[in-house]
Amino acid sequence: MPAGVFKETYRADMAHLRYPIHWAGLVLGAGLALTAPLYLQGYYLDQAILFMIFLIAAVGLNITLGLAGLISLAHAALMGAGAYTVAMLALKAGFNAVLAIPLAGVAAAVLGFILSLPSFKLKGYYLAMASLAAQFILEYFYSLLAPEQYITVPFETKEIAGVFFGEGVPLYYLALAITVLLLLAAGNLARSSLGRAMKAVRDNDVAAEIVGINVTRTKALAFTIGGFYAGIAGGLYALYSAGIGWEGFTLLVSIELLGMVLIGGPGRVVWGSMLGVLVLKTGWTNLESSLSPLLMDMGLDIIASTAKYIVLGTLIAVFIILEPEGLIAVLRRVKEYLRLWPYSY
Amino acid sequence: MDSRVLAGIAVLVIIVIAAGFLMMRGGEEAATGTTATEAAGGAEAGGKEITIKVGLLVDETGPTSDVGKGYAMGAEAAFKYFNDKGIYTKDGVRVKIEYIKRDYAYKPDQAEAFYKEFRDKYGVIAIIGWGTADTEKLADTVARDKIVYISASYSAKLTIKPYNFFPAPDYSTQACAGIAWAAEQKPGAKLALLYDHKVAYSRSPIPAIKAVAEALGLQLVGDFDLSLKATEASAERVVSDAATKNPDVLWCGNTISSCSLAVKAMAKVGLDGMLLANVWGFDERVVDLVGDAGKGRMAGVTPFVYPMFAKDMGAKGIDTVMEAAKAAGFSENDVNLRFVQGFLNVWLLVQAIERTDSTALQEKGGEALKAALESSCNGEPFKFGGLTADDVRFCPDSHLAHKKVYVVVFSDAGSLEIQGPYEAPSQVDCVKATIQG
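So the sequences go chain by chain: F and D. No gaps in the numbering here: position 229 of the first sequence is 229 in this note's numbering, and each next residue is one more. So this note's numbering is basically just the index in the second sequence, starting at one, shifted up by 1000.
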């Protein structure tokens, strides 16, 4: 705690903004986010939108995995449920794609609840295997829904009052508003009784049950809420993309999301997820666009095509072994060091 | 009311006002962002040279890389060759093409990400593209962005999209002509269809094939799911299934790797039929890939002359291709059908540039290129020194270039023989059959 700042009430101690630096961070962050279209060109604005979409999905997985300790390898499939809900409603029923986003969340939440059923009996690797099976079943189902590899979401369904929400500034602000709302909700969830129950189940489910926590209900909620976030992310992705297909929601995407959570900081729902997505999605995309052509020019095509997975695998292994709390813990140590610098303690 | 709630409301109001302001501003930017000067990417008309940016989207590492590598080599050689030789607009202004290459490994989502990079980061006015799923998926977006998209996908669905072009008949028309050829060889034959049921490219001509087979009196005995990434074992299983129906003709709608495995499997299970492959399923390499198993058992449709036949057929365009290949450091052996396909797509773009004037190119970008390509409808067709089965014309309502294909047969003697050109039968509208599904 910084010197000279005292908290006299529980409410003040639990506030999101406790220290002056938090307020400064909020003003700076909000300012940067709100004015992003002024300084980000089209391509980078697009990257910002994609960042927010994957951030929402990663937050969802962080709730399921980081808070409740339930391994899910089907998170991309849940994202797919949201995306297909929006696409099918828009394409088959002429439903407005923007307004269908909440339904995408609900559809994926229902699916998340169904996926939670095995977790009542299974945990650890066995639960991971069950979710893996769910991922493959859903992938197959999606391939039946879109046998041509894609479903286009008609442009006209992406408009509200003449404003096109399929890309650019309108989509950026829509994604920003949804992201802020969901991050606030996720931040509060982690501090609520439900969040504490999830942590208790994660740390020791038998002990949690003994102290009166309904473990079954908690696990079901962790999957359902995680699914809701994945669905909203998928719905936004359907809005962002010219068309969606099962190949956008494969096991590899699930593993990428898992990597984002593990590398960013499992259990640190907002900031951990944010760091993970920043490194593995935005950072990698920008690195890849310059690294891949370079490797290909050097005749290293195979490395260029597999570099992503080599890096992803290495990073996951490094963080699991050396820093299980993720990048957020590394940053915390840096922050503490700088706070005391030049003294050692 | 709590002061923090008031502060929250104030922040929300500021967010809404800021968003409204920037959305209006963004709209203005989008409107000016499509102007040709920006889209043309750093024009220098004063210096009598214009630089335009073009995206090159290829698959060199994904499931279609067996044919994608050669295509990419041909396209790159063409860019280098025409840039060095000089591309001039109608009014004599030199145009330099700066191309940006990306390997999307046949992943439609990755293709879209690269498309956005091409458009938003580099401001390209044209793209030399690749696969069916990604090209079809992006077709409405490229039309909206007014970016000319010349693809390696010859899907029938693209012939009605305003900004999509390719210098060949669509897959459906090609397949119809091929099936008509097969029906001539084996009247009343039993026909089996082998293709990847999850891949848009493989599925593309199937409705047209079914329609034309019925019209020509062929008996369709079944659809069999042959994966684009088939292994010897999986190909053998699929062919064994097909063999139970005793087909005389098998259509292979995949690329050369899986089609070759299917022919090998035919020999192994003792199925004496003819396997007719789509344009990407057969080329010069089958002789080595399939060996004796393919002799008298395999053929492929192609709307282009194979380099090995070009000289005898008087296709002088091959000299241009060879010259470009040599200049780019490729050997004669590197120049195969795939190389030619990549080369011709860029050549088409170059010819379109030569039909525009510099002002239109700078001010209208892709729109000017589209007009130039469609000027062939009632005007001079695009010619490629005899390398295409027919001259190429694009009309505003249909970008079906022409309707002719050759059939290349892997003969009993073990050599490749080219036959044709053959035209798709008139009894069936093959493009319509595919579009209507």
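None of these hints come from the bench; they were simulated from the model. Among the hints, a few may not be true.
[As the list claims (entries may be wrong)] Calculated pairs, SDA-like style, for lysine to any residue (alpha carbon to alpha carbon, straight line, at most 25 Å):
#, chain 1, residue 1, chain 2, residue 2
1, D, Lys1121, F, Phe51
2, D, Lys1146, F, Met296
3, D, Lys1121, F, Thr282
4, D, Lys1080, F, Met296
5, D, Lys1229, F, Leu132
6, D, Lys1229, F, Phe51
[As the list claims (entries may be wrong)] Quick look at which bits of chain F chain D covers, simulated, 3 or more residues with Cβ under 8 Å:
#, segment
7, 139–148
8, 291–303
Where is the CB? At the ideal position from N, CA and C, for every residue including glycine.
Verification of the hints:
With a C-alpha separation of about 17 Å, the suggested pair Lys1121 (chain D) and Phe51 (chain F) falls inside the 25 Å cut-off, and the hint holds. Taking the CA atoms of Lys1146 (chain D) and Met296 (chain F), the gap is near 30 Å; set against the 25 Å cutoff, the hint is violated. Our distance criterion of 25 Å between C-alpha atoms is met by Lys1121 (chain D) and Thr282 (chain F), whose separation comes to about 15 Å. Proposed proximity of Lys1080 (chain D) and Met296 (chain F) is supported: the alpha carbons are some 17 Å apart, at most 25 Å.
Proximity of Lys1229 (chain D) to Leu132 (chain F) is assessed by CA-CA distance (about 22 Å); at most 25 Å being required, the pair is judged to hold. With a C-alpha separation of about 32 Å, the suggested pair Lys1229 (chain D) and Phe51 (chain F) falls outside the 25 Å cut-off, and the hint is violated. Counting residues of the segment 139–148 of chain F whose C-beta sits closer than 8 Å to any C-beta of chain D gives 3, which meets the bar of three, so the coverage hint holds. Residues of the segment 291–303 of chain F with a Cβ under 8 Å from some Cβ of chain D number 5, which satisfies the need for three, so the listed coverage holds.
In this structure, the earlier hints numbered 2, 6 are contradicted, and the remaining ones agree with it.
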